[in-house]
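*Asks:* Using the sequences and the hints, build the whole thing.
First to last, the protein sequences are chains C and Z. Following the working numbering, the numbering of the first sequence begins with 42 at its first residue and continues without gaps. Following the working numbering, the numbering of the second sequence begins with 1202 at its first residue and continues without gaps.
Hint data in this document are derived by calculation from the structure and do not stem from the laboratory. As the structure is a prediction and not an experimental result, all values here were calculated from the model. Please note that the accuracy of each hint is not assured.
Covered stretches of chain C, as calculated for chain Z (at least 3 residues, CB under 8 Å) [what the hints assert, rightly or not]: (1) 66-79; (2) 85-94; (3) 97-111; (4) 125-136; (5) 173-179.
Ranges between beta-carbon positions, derived for each pair [as the list claims (entries may be wrong)]: (6) Tyr1278(Z) x Leu162(C): 49 to 57 Å; (7) Glu1289(Z) x Pro200(C): 47 to 55 Å; (8) Phe204(C) x Thr1297(Z): 56 to 64 Å; (9) Trp157(C) x Gly1461(Z): 33 to 41 Å; (10) Lys1418(Z) x Leu201(C): 41 to 49 Å.
Cβ coordinates follow ideal geometry from the N, Cα and C atoms, glycine included.
Residue-level listing of the chains:
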Amino acid sequence: MALKVFSIPALPRVNNGAARLLPVATTLLAAVISVLPLQIPGYAALTPVFTLMAAYHWTIYRPDLLPPLALFIIGLTEDLLAGSPIGVNAMLLLLTRIAVLGHRRYFVNRNFPFVWTGFTLLAAAAMFGLWGLHCVIDLSLLDFRNAIIRAALTIAIFPLASFMLGRAQRAVMGAG
Amino acid sequence: MIRLSPQMRAAIQRTMLPLLILLSGAIIVLGKADQLLFDSLRTTVSDGVAPVLDAVAQPLNAVGNVVDRAKMAVLTYQENVRLETENEKLLHWQQTALNLDAENKELRGLLKAVPDAALSYVTARVIANSGGAFVRMILIDAGTENRVARGQAAITGEGLVGRLTEVGDRAARVLLITDLNSRIPVTIESTHAPAVLAGDNSERPRLLYLPSSDAVKIGDRVVTSGEGGVFPPRLPVGVVASIDSTGPRIEPYVELSQLGYVLVVDYGLSRSLPQPLPPLARTGRRSKAEAADGVTH
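*Replies:* Printed below as a string of structure tokens:
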């Protein structure tokens, strides 16, 4: 699986420190943004999964700069901050990496709607997985409706997140 | 950074990913089996990040205030009319309250009733939300440094918000009354029927263990019972909003998704709350057992 990754267009080398840190920094920022207490009615329960967007974006475009260990630590940090069962987000981000790396060649150098469709599938699967996992952890059947709305919000906001991450990527790393 | 051959790197990446996934799985299971295991890690991280979140939460509050002010400016006239009528009503209530207070004091004197323990409050800013569909928690910027303690009640002017579950030096986590694991001993104000308010992650928590199904009707006020001695009695919680097949549900007085500040109530008895319990025989259900603790003690 991993060899396939390195056989698709070789990733341009990045030597500048800021550029090397960009994927980790933005994903960590996404984790912090997701716990910000925005005073919007009902927002807390429906907060989009910002780290999923960042992990998806960077795993497609720069999987080398967002290694599994970084995903693991960021996921754990998010769990610790949010008060969710510890390990859940870490696992989600790592599974995202597996899912995306396996299909990365379909996404690189494709137009945005294609990438967005991929994310839609991923977000739906992720939310279903999260729901299942939380049901097991809480030993009860949890309400699925919030998860659906949350998935929809996550999918809807992805273009904006992707645009901003792409801009940051071009600004800091140059074209690539 | 150590330079590795591409093959080596690929090999490391190949093993790293499954290894970390297994590790996450193990952490989830461990964290579930023994919820105290990661508590200190959680409080350390919360404490460490609290100043950052605090700094970010401040401008967020400021933005909220600006929006509120703009709204006020636009709606001044209507608002004024509404407030005037409300004020009239409230003045009437004030008289009633003063009369009742005087009468209450007199009767208490006659009964030689034990006075309620004095309350003291710590005001704290909400610095983080749980951000997810499956947990209802907030992080506040008060900790042991501000003399808040585990088990204390968090309230706003409107009513009960939740209970402090983890307390670090600078930050504390509040389990909201809507969380799946929240269990609060309450009473129905009109009938004094005891019940347990149980969250289920929806916006309207349920009332459990009512003595009889006709003990409540829609519109009844629900207040804390003070049973367990951790929460002060008679904190307003909400009103009974619906009664369906799953039992009565209450609408909390506090808009829990729009919290900016909360008050932490020190009832003077929280020291009596047992500190984190040793792992129970019923592994895996600790948090519920602990939440129910407030009822049984």
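*Asks:* Now tell me, hint by hint, if it's right for this structure.
*Replies:* Verification of the hints:
no., hint, in the structure
1, 66-79, "holds (count 6)"
2, 85-94, "holds (count 4)"
3, 97-111, "holds (count 3)"
4, 125-136, "holds (count 9)"
5, 173-179, "holds (count 4)"
6, Tyr1278(Z) x Leu162(C): 49 to 57 Å, "52 Å, holds"
7, Glu1289(Z) x Pro200(C): 47 to 55 Å, "52 Å, holds"
8, Phe204(C) x Thr1297(Z): 56 to 64 Å, "59 Å, holds"
9, Trp157(C) x Gly1461(Z): 33 to 41 Å, "35 Å, holds"
10, Lys1418(Z) x Leu201(C): 41 to 49 Å, "47 Å, holds"
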